[in-house]
Each structure stands twice: as C-alpha cells, then as structure tokens.
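Make a model of the complete structure from these sequences and hints.
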Amino acid sequence: MRLTTAHFYSPTGKPYSRVGVKPDLQVQETARPDSAGRFLNNDAPLATAIHEARHALEPAITQPVARRILSR
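Residue numbers (the numbering used here): 109 to 180.
For the record, the hints were derived by calculation from the structure and aren't laboratory data. Take these hints with a grain of salt, some might be off.
Mimicking SDA-like on lysine to any residue, the simulated pairs with C-alpha atoms at most 25 Å apart in a straight line are [as the list claims (entries may be wrong)]:
hint	residue 1	residue 2
1	Lys130	Pro153
2	Lys130	Ile158
3	Lys122	His159
4	Lys122	Asp132
5	Lys130	Ala155
6	Lys130	Leu154
7	Lys130	Tyr117
8	Lys122	Thr112
9	Lys122	His163
10	Lys122	Leu111
11	Lys130	Arg110
12	Lys130	Ala164
13	Lys130	Met109
14	Lys130	Ser118
15	Lys130	Glu160
16	Lys130	Asp151
17	Lys130	Thr113
18	Lys130	His115
19	Lys130	Arg162
20	Lys122	Gln134
21	Lys122	Leu165
22	Lys130	Ser143
23	Lys130	Ala144
24	Lys130	Ala152
25	Lys122	Leu133
26	Lys130	Phe116
27	Lys130	His163
Written out as structure tokens, the structure is:
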C-alpha cells in the first residue's frame, strides 16, 4: 500500500502540522439541535463570507454604473 502525504510550511519554514493556521475571520459555530434533535440551518460561515464580500465590494457598488447593473 502506498499513501501519499503532504507537508505544508509557513513562509518562514515552520511546519503547520498539528498547529494549523489562525483564520483571518473568526466565526462562531451556530449549529445547535432544536427540540426535536434536528440541527438548525444557521450557516454562520456563509453569512460572514457574504457580509465580508459585500463590505469589500461596497466602494465599487456606489459607482453609478455598478448601481445600474446591480439594480437589474
């Protein structure tokens, strides 16, 4: 049997193994079971990504041409 593995290193040469990386945006998990034991569909990572994307695009959206395109 052959097993392919990979090792990832930081730009300074330190391995990420067993340490990981700190995310740019911290998002709290919101999946909690309801009274019937089903998990609610709160997608906090998706909501955060959409919020950050809109915030990053805000200057472009305020331009007249972008407003016309987005209002269609």
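Inset, instruction - Against the earlier hints, flag every one the structure doesn't satisfy and list their numbers going up. - result: Hints 3, 9, 11, 13, 21, 22 and 23 are the ones this structure does not satisfy, whereas the remaining hints hold.
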